[in-house]
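When you get a sec, could you build the whole thing from the sequences and use the hints?
Taken in sequence, the protein lines are chains B and Z.
Okay, so the first sequence: first residue is 18 according to the numbering used here, each after it adds one.
Okay, so the second sequence: first residue is 93 according to the numbering used here, each after it adds one.
Quick caveat, the hints were computed from the structure, so don't treat them as lab data.
Built from N, CA and C at the ideal position, the CB exists for glycine as well.
The reader is advised that the hints may include incorrect statements.
Cβ-Cβ distance ranges computed for the label pairs, FRET-style [to be verified]: (1) B:Gly32 to Z:Lys529: 55 to 61 angstroms; (2) Z:Leu254 to B:Gln72: 29 to 35 angstroms; (3) Z:Val97 to B:Met18: 36 to 42 angstroms; (4) Z:Leu254 to B:Glu36: 18 to 24 angstroms.
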Amino acid sequence: MARIVFPDNFVALTGGEREFNIDVGDYRALVMELKKRWPQLAGLLEKTAVAIDGQIYQDAFLETINTDSEVFFMARIEGG
Amino acid sequence: MAEAVEYKQIGTSPIRPDGVDKVTGRAQFGADLVLPNMIHGQVLRSPHAHARIKSIDLSGAMAVDGVLAAICGDDFPSVEGGEIGGEGGGTVSDLAKNVMARDKALYHGHAVAAVAAVTAEIATAALDAIKVEYEPLPPVLDVISAMAEDSVLVDENNYTKLPEKPDNPSNIANVGTLARGDLDKGFAAADIVIEREYKVPMAHQGYIEPHACVANIDETGRGSVWCCTQGHFEFRSLTAKLLNKDLADLKFIASEIGGGFGGKTVVYLEPLAVMLSEMSGRPVKMTMTREEVFRATGPTSGTVARVKVGLTNDGKITAADSWIAFEAGAFEGAPHMPGIMSMYAPYDLENFKVEAFDVLVNKPKVAAYRAPGAPQTMHAFECALDEAAIALDMDPLDLRMVNAADEGTRAPYGPKFPPIGFKACLEAAKNHPNYTKPVPAGAGRGVAAGFWFNIGMQSSAEININENGTVMVIEGSPDIGGSRASMCLMAAETLGIEYDSVRAQVGDTESTGFCNVTGGSRTTFATGMAVVQACEDVIAECKKRAAMSWGVDDDQVEWQDGQVVPAPGVNADVTPMSLADLAGSAAKTGGPIQGRASVNAQGAGASFSINFTDIAVDPETGKTEVLSYTAIQDAGTAIHPAYVEGQMQGGAAQGIGWALNEEYIFDDDGVMENAGFLDYRIPVASDLPMIDTYIVEVPNPSHPYGVRGVGETPIVAPLAAVSNAVSRAVGKRICDLPLSPPNILAALDD
Numbered sequence: 018m019a020r021i022v023f024p025d026n027f028v029a030l031t032g033g034e035r036e037f038n039i040d041v042g043d044y045r046a047l048v049m050e051l052k053k054r055w056p057q058l059a060g061l062l063e064k065t066a067v068a069i070d071g072q073i074y075q076d077a078f079l080e081t082i083n084t085d086s087e088v089f090f091m092a093r094i095e096g097g
Numbered sequence: 093m094a095e096a097v098e099y100k101q102i103g104t105s106p107i108r109p110d111g112v113d114k115v116t117g118r119a120q121f122g123a124d125l126v127l128p129n130m131i132h133g134q135v136l137r138s139p140h141a142h143a144r145i146k147s148i149d150l151s152g153a154m155a156v157d158g159v160l161a162a163i164c165g166d167d168f169p170s171v172e173g174g175e176i177g178g179e180g181g182g183t184v185s186d187l188a189k190n191v192m193a194r195d196k197a198l199y200h201g202h203a204v205a206a207v208a209a210v211t212a213e214i215a216t217a218a219l220d221a222i223k224v225e226y227e228p229l230p231p232v233l234d235v236i237s238a239m240a241e242d243s244v245l246v247d248e249n250n251y252t253k254l255p256e257k258p259d260n261p262s263n264i265a266n267v268g269t270l271a272r273g274d275l276d277k278g279f280a281a282a283d284i285v286i287e288r289e290y291k292v293p294m295a296h297q298g299y300i301e302p303h304a305c306v307a308n309i310d311e312t313g314r315g316s317v318w319c320c321t322q323g324h325f326e327f328r329s330l331t332a333k334l335l336n337k338d339l340a341d342l343k344f345i346a347s348e349i350g351g352g353f354g355g356k357t358v359v360y361l362e363p364l365a366v367m368l369s370e371m372s373g374r375p376v377k378m379t380m381t382r383e384e385v386f387r388a389t390g391p392t393s394g395t396v397a398r399v400k401v402g403l404t405n406d407g408k409i410t411a412a413d414s415w416i417a418f419e420a421g422a423f424e425g426a427p428h429m430p431g432i433m434s435m436y437a438p439y440d441l442e443n444f445k446v447e448a449f450d451v452l453v454n455k456p457k458v459a460a461y462r463a464p465g466a467p468q469t470m471h472a473f474e475c476a477l478d479e480a481a482i483a484l485d486m487d488p489l490d491l492r493m494v495n496a497a498d499e500g501t502r503a504p505y506g507p508k509f510p511p512i513g514f515k516a517c518l519e520a521a522k523n524h525p526n527y528t529k530p531v532p533a534g535a536g537r538g539v540a541a542g543f544w545f546n547i548g549m550q551s552s553a554e555i556n557i558n559e560n561g562t563v564m565v566i567e568g569s570p571d572i573g574g575s576r577a578s579m580c581l582m583a584a585e586t587l588g589i590e591y592d593s594v595r596a597q598v599g600d601t602e603s604t605g606f607c608n609v610t611g612g613s614r615t616t617f618a619t620g621m622a623v624v625q626a627c628e629d630v631i632a633e634c635k636k637r638a639a640m641s642w643g644v645d646d647d648q649v650e651w652q653d654g655q656v657v658p659a660p661g662v663n664a665d666v667t668p669m670s671l672a673d674l675a676g677s678a679a680k681t682g683g684p685i686q687g688r689a690s691v692n693a694q695g696a697g698a699s700f701s702i703n704f705t706d707i708a709v710d711p712e713t714g715k716t717e718v719l720s721y722t723a724i725q726d727a728g729t730a731i732h733p734a735y736v737e738g739q740m741q742g743g744a745a746q747g748i749g750w751a752l753n754e755e756y757i758f759d760d761d762g763v764m765e766n767a768g769f770l771d772y773r774i775p776v777a778s779d780l781p782m783i784d785t786y787i788v789e790v791p792n793p794s795h796p797y798g799v800r801g802v803g804e805t806p807i808v809a810p811l812a813a814v815s816n817a818v819s820r821a822v823g824k825r826i827c828d829l830p831l832s833p834p835n836i837l838a839a840l841d842d
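Structural data, given as structure tokens:
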């Protein structure tokens, strides 16, 4: 199952859960599942970047999440 | 490491296409546009660093002969919510208040009103006729005291963003943390522990061109804005949001730009100019003086950082624990998160924690400045590592190699690194002649690492084939570092033609597709990717046209060295068709030949660096002399090597200036005392030796040509490299910047 890891500002809203495992086919399915489990994450999810198997996405949508994928949420970077 | 690829165009350094115009004065910058009937806008700025605005009376200004419009905060529509992306971004409502104060002036120089008049002199004089009643308040000027519970509040409605809303407001807007492993276990395993506090001052991007724009809005509310900007699409969007306008009514045109470095990714004058133009019915030009640039546009955060790091006698880092306070200025948005994500990035750490704070103070709102947050945090950690290297009698490069991140290392922010070039940079430094030569007598040699993530984001590109087969590339990324030449090189390489057959143009918001800002070291990567894909679109179309001309199927032709040829095994007695041939027959085969692409580019590759420098210090005067400076950086693939070197040298010069001299000096009333280049001392050519560069190329597998962004990493390492060199030269650790002569002497006397 894919490993999903949250940053500190998510953990505060998930009741202390920092990571969990789940089978989802893509990022959209993951977001739907997260919003179902923790509705209070919805706003944060829109403003967060995500790394899927080492690749950082600012606007992930249908990217594939495999059963052995690692998913990390993180602050967006834009730079100067 | 991948085998080097042989390119025909990429990797050459043709003369920059904008060079002649820029050195002859022909290039059109933000302040150069003159329109018929144009009038001039000027801004009234707060004389107080912190004050309630009790009333503003514009009638005196409007009564001045020649004044055609006057505005203040009350003239702006109210806008709520919405985040503005990027470091220093904040919210739309904060940006609206920064562009024009509402109920409070929050820093000395904060815009409180603006007028437009037939001459700039009349507009300036009319400012004196505006009556503003202020209630001065005590300013909050120190980041540590701003964090205290009993501090005066910059914003009485600011509550630190925590899961449970605090009982009381605070000057702390945001808190960020990263952590992994077991700190106690890590420190217990350490043979030595270094623990220090480091200060980095607030500093300005120092672009040579002040902000400037011309807005020309007609009676229907539609019109155009000419401005110097890193992102005209972003400026259009922000201006429309702040003024509640339809962005389709505004055309934004990017002028040539005299530097931005992140500071021109956010609007200041543009909404004012649009409003004044709409009110007066005339085009309105607004330009900032250098003093206004310093007082009222975003510098980057000053910081206070506390670092504790434990290492074994072999130099292996066992634990790192850090705390950093960032000055945000008058509104939230300090780059605390990218700062802490960068801090330990070059190293493979098992046990670490870093906590950072985004803190309001009565100073100008910070904006992005080249790798925002990273120079400040990495200064602290790289200095601590240098002190450890001395304590362990270890070469500082060797200490970094013991801990170096590589492909597969888990980054501090979570994911594993794809192929990266940090070890290659370390090896290049170790073997560089500037490193193998002895340190000059009386000097110290400082080493430091740098890092930036780089980003992709959205870009569009169109390719038009001219009637003679030459190529026009149109894209929407303002050229702040040579991107037009890089686009031409990538187009030429993809099409298999000569560089001189390609031209590139930055289109305005009505003539090309959307592009995110030129920033984040994204342009060569992301807009380049769009250009490559647009060229591939052209190739597909050319093959179709040639197949039509030859009466064969599309899959029976190939593209080779700028021509369509029959595929192997296809028996066609034909002459290969060049772009000129295809363009010549285009009317018969379907019309003009074009290609286009739009991307949200993924897979931006991080860029690591190693810098080292030899610096001598005069113990009598505290004056420093930079004897040599070497910058080594992974560029992935250097599309235009001379431009890459320019980025490395420019970033190094900025970092050296920040380390040695640059700082905002405020008096007790919060007024900046050195708001000009005479007293805000950035390096000039005579201050620095030639900065030697060495480009490492570990291609980024996610880009067709292996590109990594290079624009931001160069500023990260110099702060610590200089600090380490000076500390070694004087034989004493000096932790606070800048290392100006009086500060060095004070540290030596302490």
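Going down the list of hints, with the structure as the test:
1. B:Gly32 to Z:Lys529: 55 to 61 angstroms: Distance hint for glycine 32 of chain B, lysine 529 of chain Z holds at roughly 59 angstroms.
2. Z:Leu254 to B:Gln72: 29 to 35 angstroms: Holds, at about 31 angstroms.
3. Z:Val97 to B:Met18: 36 to 42 angstroms: For methionine 18 of chain B against valine 97 of chain Z, whose Cβ atoms are near 39 angstroms apart, the range 36 to 42 angstroms holds.
4. Z:Leu254 to B:Glu36: 18 to 24 angstroms: Roughly 21 angstroms apart at Cβ, these two residues keep to the hinted range, so it holds.
Consistency with the previously given hints is maintained throughout, with no hint failing.
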